[in-house]
Each structure stands twice: as structure tokens, then as C-alpha cells.
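**Student:** Between the sequences and the hints, there should be enough to build the whole structure, so can you do that?
Chains as they are written, first to last, in this note's numbering: chain A, 7 to 300; chain B, 53 to 328.
Keep in mind the hints are simulated off the structure, nothing from the lab. Heads up, a few of these hints could be off.
Claimed, not checked - Below, simulated DMTMM-like cross-link-like pairs (lysine to aspartate or glutamate); rule was C-alpha separation at most 20 angstroms, straight line:
(1) B/328 with A/209
(2) A/65 with B/326
(3) A/60 with B/326
(4) A/26 with B/130
(5) B/328 with A/215
(6) A/190 with A/209
(7) B/325 with A/215
(8) B/231 with A/209
(9) A/60 with B/323
Said to hold, decoys possible - Here are some chain B residues the structure puts well away from chain A; computed CB gaps all over 12 angstroms:
(10) 93
(11) 102
(12) 130
(13) 146
(14) 230
(15) 247
(16) 292
(17) 308
The beta carbon of each residue, even a glycine, is placed where N, CA and C say it ideally should be.
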Amino acid sequence: MPGLDIMGVSKNFGSLQALKDINLNVDTPQCIGILGPNGAGKTTLLKIITNILKPSEGKILVNGVNVNQNPTKALEKIGALVEQPEFYPYLTGRETMKFVARIKGMSVSGSSEEIEKLASITGITGYLDRKTGEYSRGMKQRLGLAVSMIGDPEIIVLDEPTFGLDPRGMKEMRDILITLKEEKKRIILFSTHLISEAREVCDRVIIVDKGEIKFNDEISDMRGNKMRIRGSFNNIKNIPGAKDLTTKGNEITLEMKPGETRNSILRELMENGVEIDSVEGMDRMEEVYLSLVQ
Amino acid sequence: MTNRFSITYGYYFRNYYRSRSFYLMLLLVLLVSGLMVYLSFRYLNKLPDFIPELKGKAISTGLKEELFLYIWAFVLSDLPVFAAVFFGSPAISSEIENRTAFQIFPLPIGRSVLLMGKYLASVSVTLVITAIYIIVEVITYIIVFPGQLPVTFFKSIGLLAVFIFSISAFTFLVSSIFKKNLYAYITVFLIYFIIFSAMNIVFELIYSYNPFFLLDNAASIVERVFVNVSTSTFAVNNSIAGASFSSIMVALLVMILYLVVSIVIALLIFENKEVK
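**Tutor:** Structural data, given as C-alpha cells:
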């Protein structure tokens, strides 16, 4: 079973402490979203995991191998897409992928098959034989994701993977991550600014602020019992199954009482003549994030 | 290890020879070669006039051949400097400036392997560029002086090859210090063409001493194997004969020292490089 151990990692840039005593152990396949404001230390952490930066203190073990002391061995299990990816501009996408595949020990024929497969998944098949210097930001992002998946790594580290993508690209990227998590059983660490993205893709969320992990919990534990309902209401003031009901225009926010279900609340509303347009479940993630991050 | 090295070398070489810098150098070498061919035929009979001591004198064909090769080699010894500046100066700084380090540092390959692969790729494209000039030189020589090339020519080419390794290593060292390509370009030019020249003038004028330890002086052995004349106005120990064996060995040693020291320091810096 793959494992990632982050043990007491701190990072200083001069007098600035970018990371403070970060500890994290991941030994089961899951997707971990790292949330935090700009400058919180998310990317610094991912860079230390991928040997782009060295920790000032502490260590990172990949399957028990110290990334700082034996990077060649430790990084065999890692695929990474860190910051906005840039490639050697005079190599084509195919050559870039082949370069990485061959370095990861794949044969020439094996790497060709892998390239076709990953290009198809990430939607860059038609661009494979163009020089990467001619790629758009979004295409580079897709190529970066394809490169990070070469050799089927056990741990995938992605730094804001949907950055620079159009809405369709963002959706496709999230679908790829969900597939990697659910079908391939990989450990995925990815940073994002988007709470909705973390909610959709991740099993666990870590909130980082000012170089510290402020929160680390499973998404399932953050599911709340709040609902947001949009529709047309006739001065509705009270619903027996709900508490903390607030009405604002054509929107009601409420919290279900213990034992109540979403269906029972909706039934009550409809019996009171409410026409419902949309219903949205609300979890605690946003609340938690805003309470921790100043 | 060897396999990963050859893969790295192959891809870097490909990235180099497709670059604009390569085509710019190719254009430069073709222009310079063309100019040298023209000058060779235009001033063939005035070859002795290039050396003040021989001005207006009749000289033997052997010396004429040596002078011909000296002048071609004089230009040749500067070509690797320009090529190394184009290919070597941005070698490491560009990984930071162009952000490609974010792609290569997380790969399961030693940074020393990456650096050496890139270094040899850079040396290779410089060799290709200089080879074009040398081919034109040989063809011109054979037309002007039918017969075999002298052994000294091959000595000069061997020394040039060492110089290419040496100057490329030096530019890699400079590149490893900076995060911006422009700073690396300027620094190499400043050191090689201004600081070294200034040191030459100071040592030769004030102390009448030949600063053999400077890389540009060591590189001049490429032409001095034919005729031991330095173009510096203040140069000491000029001679119509080729450089002595000891002078060749000293120059060779200096170039090898620059090569080894530069590569070792560049490796150490690259190994510990961080990208914020």
C-alpha cells in the first residue's frame, strides 16, 4: 500500500516562515484537497513533497523513502503538476511525454501506448505532434496532467489543476480526478481555491493558513443538515421539521431538525403551497473555512 | 543511469537544435565562413603583412600555409564563445525563468544526470556549429594549397574541442548562479570579453607577465599552434614558430581545470537549487 508521511515539515524563506511543523499521514487511497488563501503555504508544501524545494526542518517519506535524501527512488511513485506547467518549447507534446515516460523506465513501445491513452483521457490527442511552445495555457495544463499520470504513479500531486481551464475543461479535469480516485485507487493531493471543487472531488480536506494546517477532516464528517431552497413562497414563517428558517427574496435557508429528512421538509413546503425551483444541500465546509481563514 | 543519461541527452539535443539560438548561430557561422573564404582569396598574397615582422618579405609556402591556418583558427577560437553564450548561458537559469524546473525536478532522475545530459547536448550543438566552419576551412585550404593538411591542424582541432568543453562548462557555471537568462548572458560576455581583456592588459603592461591562467589566453593556443603570435598589442613572447609543447600543455591544463572546476561547482549549485 502506498504511503505518504509528512513529518514535522517547516520551511523558511529568510525570516518568513512559509510552513510551520506540518504533519500528515496518508496511507489509504483517497483524494485530499488542500484549501487556503493565497500565500497560505499550499504550493510550498506540494513543492517540498515533489523535491522542488527542500524542507528547512522535518522530512517527507514516500513509501518510507525520504524525498530529500533519496529523491530518485522516492519520486518514482509520484506524478506531479506543480504551478502553471511550462515545457521545453521546441519539443512536441508527444516528445515531452515520451521523455518523462522513458525517464520513468518505460520501454519505447510501452510509452507510445501510454501516451495515446493519456492523451485521449486528457483531450490532447490532436495536439500531440505540435511543439509545446505553441500550446495555449489550457493545453499546457492538460499536458501537465497527462505528464503527471505517466507510469501510473501511486501518488499524484496537483497544484490547482483546473487553473486556466474553461468550464468544460474544469469539469473534465474533475472527472479525471474522480476516476483516478475511485477506479485507480490512487492517493491524490491537490490544492485549490475552490471549495466547491474540493467538495466535489475530495474525500478529505485540509485547510492551510499562514503555513499551518488549521483543519483536517473527512468531507463526510462535514456534511451538514442545512438546505437552501429557491422558489416562490407565500410569507412562510414556520415549517415544523425545520429550525433557523430565514427567508430572503425567493430563497429560504433552513436547518433540518434531528430525524427529519430532506424529502419530509420538501413535502411540508409543497403542502404549504410553495413552488420549488431548486434545492441545494449545504455543508459546513464554507463555514469552517471562513471561520479559520482570516 | 547510462540509459537515463542518454535519454536526457537526446531530448535536450533535440530541443537545442530546433531552437532559434541554433539557427541564429548557424546563420552567423555561414556568414563568417563566407567572409573568411572571400578574404582568403582576396588577401592570399598579403598573408605575410598580417605579421609586422614579415611585412613585405617573401615567405616559404610552409609558413604561408601556417599563416593561413592561423588566421582561420583565430576566428574559429571565438565561435565557441558565442555558441556557448547562446546555448550554455541560459542552460540552468532558463529552467527557473521559464519555469520548466517545475516539470523536471519532480522526475525520478538525479539532477546531476539532467545537468550532464544538458551540458553534453550543449557541447554537441556547439561542435556541430564549429564543424561547419571547419569544413569550409578545409575545403578552402585544399583549393588554395593542394595537398594534405598539416598535423598541426589536427592538434588545433583537438585543442578547440577541449576549449568547447571548457567554455561550455564555464557558461553552465555562470548560468547556475542566476535565475534570469539575461543576467547570465551579460555576465559571460562581461567576464570573457571585458574582465579577462582588462586583466590581460594590466598583467602584460604593468608586470610584463602573460596571464596564462585566463581562459581566453589558454584558448588562443588553438591558433598559436600554427604561429605563436598573440594579437594583444602588449603581448610578450611572440614567435613565428608554433607554440612550444610546454605552452600547449599549460593551455590544455588550464582549459581542463576550468572545465572540471566549473562543472563541479555548477553540479553542486544545481543539486541544491530550489524554485520558489
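**Student:** None of the hints should be skipped; say for each whether it holds.
**Tutor:** Going through the hints against the structure:
For the hint linking residue 328 of chain B to residue 209 of chain A, the alpha-carbon distance of about 29 angstroms lies beyond 20 angstroms, and the restraint is violated. Between the alpha carbons of residue 65 of chain A and residue 326 of chain B the distance comes to roughly 16 angstroms, so the proposed pair stays at or under 20 angstroms and holds. Among the hinted pairs, residue 60 of chain A with residue 326 of chain B is consistent with the structure: their alpha-carbon atoms are about 7 angstroms apart, no more than 20 angstroms. Restraint check for residue 26 of chain A and residue 130 of chain B: the C-alpha separation of about 52 angstroms exceeds 20 angstroms, so the hint is violated.
Taking the CA atoms of residue 328 of chain B and residue 215 of chain A, the gap is about 18 angstroms. The hint holds against a cut of 20 angstroms. Straight-line distance between C-alpha atoms of residue 190 of chain A and residue 209 of chain A comes to about 15 angstroms, which keeps the hinted pair within the 20 angstroms bound. Only pairs whose Cα atoms come within 20 angstroms are accepted, and residue 325 of chain B paired with residue 215 of chain A is rejected, the gap being roughly 26 angstroms. A C-alpha spacing of about 39 angstroms is found between residue 231 of chain B and residue 209 of chain A, which places the hinted pair above 20 angstroms, so the restraint is violated.
Proximity of residue 60 of chain A to residue 323 of chain B is assessed by CA-CA distance (about 11 angstroms); at most 20 angstroms being required, the pair is judged to hold. The Cβ of residue 93 of chain B sits about 38 angstroms from the closest Cβ of chain A, beyond the 12 angstroms cut-off, so the non-interface label holds. Every beta carbon of chain A lies more than 12 angstroms from that of residue 102 of chain B, the smallest distance being close to 41 angstroms; the non-interface claim holds. Here residue 130 of chain B stays apart from chain A, with its beta-carbon at least about 26 angstroms from theirs, past the 12 angstroms limit.
A Cβ of chain A approaches the Cβ of residue 146 of chain B within 12 angstroms, the least distance being about 9 angstroms, so the stated non-interface status is violated. Every beta carbon of chain A lies more than 12 angstroms from that of residue 230 of chain B, the smallest distance being close to 18 angstroms; the non-interface claim holds. The claim that residue 247 of chain B lies off the interface holds: its Cβ sits roughly 31 angstroms from the closest Cβ of chain A, which is beyond the 12 angstroms cut-off. No beta-carbon of chain A is positioned within 12 angstroms of the beta-carbon of residue 292 of chain B; the least distance is around 47 angstroms.
Every beta carbon of chain A lies more than 12 angstroms from that of residue 308 of chain B, the smallest distance being close to 29 angstroms; the non-interface claim holds.
Hint check: violations occur at hints 1, 4, 7, 8, 13; the rest are consistent with the structure.
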